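**Student:** Each chain, written out:
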Amino acid sequence: MSGRKIGEVILDLQNISLSFGGVKALQNISFNVLEHEIRAIIGPNGAGKSSMLNVINGVYHPQEGEIIFRGVHRRDMDTHEAAEQGIARTFQNIALFKGMSVLDNIMTGRNLRMKASIFQQAIWLGAAQREELEHRKKVEEIIDFLEIQHIRKTPVGRLPYGIQKRVDLARALAMEPEVLLLDEPMAGMNVEEKQDMCRFILDVNDQFGTTIVLIEHDMGVVMDISDRVVVLDYGKKIGDGMPDEVRANPEVISAYLGASH
Amino acid sequence: MSFFIETLLGGLMTGMLYSLVALGFVLIFKASGVFNFAQGAMVLFAALAMARFSEWIPGWLGIDSRFLSNLLAIAVTVAIMFVVAWLVERLALRHLVNQNEATLLMATLGITYVLDGVGQTIFGSDIYKIDVGMPKDPVIMLEGVFQGGVLINKEDFIAAAIAAVLVAALTLFFQKTPTGRALRAVADDHQAALSVGIPLDRIWVIVWCVAGITALVAGIIWGSKLGVQFSLSTVALRALPVVILGGLTSVPGAIIGGLIIGVGEKLSEVYLGPFVGGGIEIWFAYMLALVFLLFRPQGLFGEKIIDRV
Numbered sequence: 001m002s003g004r005k006i007g008e009v010i011l012d013l014q015n016i017s018l019s020f021g022g023v024k025a026l027q028n029i030s031f032n033v034l035e036h037e038i039r040a041i042i043g044p045n046g047a048g049k050s051s052m053l054n055v056i057n058g059v060y061h062p063q064e065g066e067i068i069f070r071g072v073h074r075r076d077m078d079t080h081e082a083a084e085q086g087i088a089r090t091f092q093n094i095a096l097f098k099g100m101s102v103l104d105n106i107m108t109g110r111n112l113r114m115k116a117s118i119f120q121q122a123i124w125l126g127a128a129q130r131e132e133l134e135h136r137k138k139v140e141e142i143i144d145f146l147e148i149q150h151i152r153k154t155p156v157g158r159l160p161y162g163i164q165k166r167v168d169l170a171r172a173l174a175m176e177p178e179v180l181l182l183d184e185p186m187a188g189m190n191v192e193e194k195q196d197m198c199r200f201i202l203d204v205n206d207q208f209g210t211t212i213v214l215i216e217h218d219m220g221v222v223m224d225i226s227d228r229v230v231v232l233d234y235g236k237k238i239g240d241g242m243p244d245e246v247r248a249n250p251e252v253i254s255a256y257l258g259a260s261h
Numbered sequence: 262m263s264f265f266i267e268t269l270l271g272g273l274m275t276g277m278l279y280s281l282v283a284l285g286f287v288l289i290f291k292a293s294g295v296f297n298f299a300q301g302a303m304v305l306f307a308a309l310a311m312a313r314f315s316e317w318i319p320g321w322l323g324i325d326s327r328f329l330s331n332l333l334a335i336a337v338t339v340a341i342m343f344v345v346a347w348l349v350e351r352l353a354l355r356h357l358v359n360q361n362e363a364t365l366l367m368a369t370l371g372i373t374y375v376l377d378g379v380g381q382t383i384f385g386s387d388i389y390k391i392d393v394g395m396p397k398d399p400v401i402m403l404e405g406v407f408q409g410g411v412l413i414n415k416e417d418f419i420a421a422a423i424a425a426v427l428v429a430a431l432t433l434f435f436q437k438t439p440t441g442r443a444l445r446a447v448a449d450d451h452q453a454a455l456s457v458g459i460p461l462d463r464i465w466v467i468v469w470c471v472a473g474i475t476a477l478v479a480g481i482i483w484g485s486k487l488g489v490q491f492s493l494s495t496v497a498l499r500a501l502p503v504v505i506l507g508g509l510t511s512v513p514g515a516i517i518g519g520l521i522i523g524v525g526e527k528l529s530e531v532y533l534g535p536f537v538g539g540g541i542e543i544w545f546a547y548m549l550a551l552v553f554l555l556f557r558p559q560g561l562f563g564e565k566i567i568d569r570v
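Protein chains in written order, with this note's numbering: chain A, 1 to 261; chain B, 262 to 570.
Hints are computed from structural coordinates only; laboratory data are not their basis.
Some hints could be false.
[Claimed, not checked] Below, in silico cross-link-like pairs of lysine-lysine (DSS-like), each with a Cα-Cα straight-line distance of 27 Å or less:
#, chain 1, residue 1, chain 2, residue 2
1, A, 153, B, 397
2, A, 194, A, 5
3, A, 5, A, 138
4, B, 397, A, 98
5, A, 98, A, 194
6, B, 437, A, 138
7, A, 194, A, 138
8, B, 437, A, 137
9, A, 115, B, 437
None of these values were measured; they are calculated from a predicted model.
Based on the provided sequences and hints, a complete structural model is requested.
**Tutor:** Given below as C-alpha cells:
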C-alpha cells in the first residue's frame, strides 16, 4: 500500500430504499465511500448487495433516498450517465460480449472516450485511425497489467470462467473509471484464481488510485483486502466499519452464523 | 446444359435480392434482438420514395441529367430513411426496452402497416418505375463452351456487383470500426453494453439506418427490374425462410441462405415442376425452411443456443 492516500467522500448514499412490489430489497440504507478506498458490501444471500450495486450503477432506481456522487445530489443514477461520470462495473454472472475477442471486448470499454464521428469511422479517416491506435495502446497496457496477453485474440466464450472474470475486469478498467464496482469478483473461483483476483484488485487500487466498491459473499477474502465494510442483511444495514470492528459485531455474527440469542 | 446454367444464374440473381432483404432482418436482429417484420415495408417505402423523387426532382429543380436527379433522389431517400429510423426508435422501441420479444415483434408488425400506409399516401399507390440507367440488354456468354451460349442480363450482373459491394462495406463497418464494435456489443448483451457507456438509443438508430439503406439498395435493384409496387412489401415474407435457413444472427448466412433459396426455387420449378404440376416456386422456400426448423433450428450459420440448466 504505497502511493494511495484515502481522500474525501466521493460517493454518499443517503437513506436509500428500494422495493419491487411488496419485496423490500433495501430499507433506508446509508453509507459513504471515500476516494481511493476499497469498500466492501457483504451479507448473506438475498441481503440486497447486488441491489445496492445496481442502485449505484443506475440499473435500479430507488424509491427513496439520495445519491451524492462527487458533490452532485441526485435522486437516482442512469446507467449511461453513471458510465460517463466515471463509474465502471463488473458483473456477477459475467456479462461479456461472448462472440467477440478479448481485445474487442476490452476496446468497448474505450467507447465513451472515442471522439471520431461515425462518418470518419466509416471511411477510416486519419483521425479515426489515430484514435483507434491510441486507445489500442491503452488497452494493451491493461492487458499486460492483468496478464492476459496470450488470449487477446480468443473469443471470450471459449475461455475458462476465472479468465472471463479477468476480462470483465479489464473491460471495466479500460474505462479508466474513478469508481469501480465489482459484483462478486471471486464468486465461483478456485483458491488460486481468488488469490490472483485479490492481487489484481489491490494493484488496481494501489497503482491507479481507483476507488473500489466490491460485493462479496465470502467474508474471509473481503476482510483481508477491504478498508471498510458495510454489512447488509434482509435489506437492512446491520454493520459498518473497519473489518475488525465488523467481525466482532454480534449482529453480523448472528446474521452469518445464525447464532442463537 | 446452357439452359441449366441460365436457370442457375437466374436463381442466383433472385436469391441475391432475397439476401439483401434478409440482411436487413439480420442486422436489426443482431443488434437489438428484434425480429423486424417491417423490413419488407421499408423496402417498399424506400423504393417508392426513390421512384417518386427521381420523377419529381427534375421538375422541381429543372435538372435535365438523369444521373444527377437519381443521385439527388438517392440522397433524399437516404435522409428519409434516417428520419424513419429515428422515429421508429423515438416512438416505438424506446418505450419497449426490456419487453419480451413477442411484444417487439408485434410492434414491428405495426410499423409495417404504418410504413405501407404512409408510404402509399405520400407517394401514391400505382406502379412506378425506377430507372437508374441499368443496361437492360442481354449478353450472350460462353459461346465457345456451349452451343448457343448462355444468355445473361447485364442488369443482373451490375445488381450482383452492387450487392457484393454493399455486403463487403457492411462487413468492414461491423468488424473494423468502433461503432461496429459497439453494435456487436449491444447485440451480445444490452446490460453490459450500457455499463460501459454505449448509448443504446443511438445504436438502435444507427442499426435502423443501416437496415434502411440496405432496404433502399434492395428496393432500387428490385424496382428497376420489376417496377415499384405494393407487392414489394411482401418480399419480406419471401426473405423469412432465408433467415431461417441462414441463421438469424449470421450475415454470411443471410447471403448464402438467399442464394440457396433463389437457386432452389428456380431449379425445382424448372426440373420438378413438370412432374408435380408446377407452382413449386411459391412454396419451395417455406418447405426448405420447415425442414431446417426440424433438423437444424439455428440455421446453417446461426449460433446454437445452449442454456445452462
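**Student:** Given the hinted pair residue 194/A and residue 138/A, is their Cα-Cα distance within 27 Å?
**Tutor:** Status holds; Cα separation ~26 Å.
**Student:** Would you mind confirming whether the straight-line C-alpha gap from residue 397/B to residue 98/A stays at or under 27 Å?
**Tutor:** 47 Å, violated
**Student:** Would the hint linking residue 115/A and residue 437/B be met if the CA-CA limit is 27 Å?
**Tutor:** Roughly 16 Å between the alpha carbons, so the hint for residue 115/A and residue 437/B holds.
**Student:** Are the Cα positions of residue 437/B and residue 137/A separated by 27 Å at most?
**Tutor:** 16 Å, holds
**Student:** Straight-line Cα separation of residue 153/A and residue 397/B no greater than 27 Å?
**Tutor:** 48 Å, violated
**Student:** Holds or violated: are the alpha carbons of residue 5/A and residue 138/A at most 27 Å from each other?
**Tutor:** 24 Å, holds
**Student:** Check whether the Cα positions of residue 194/A and residue 5/A lie no farther apart than 27 Å.
**Tutor:** Status holds; Cα separation ~25 Å.
**Student:** Holds or violated: residue 98/A with residue 194/A, Cα cutoff 27 Å?
**Tutor:** 23 Å, holds
**Student:** Given the hinted pair residue 437/B and residue 138/A, is their alpha-carbon gap at most 27 Å?
**Tutor:** Measuring from Cα to Cα gives roughly 18 Å; hence the hint holds.
Of the numbered hints given earlier, the model fails hints 1 and 4; all others are met.
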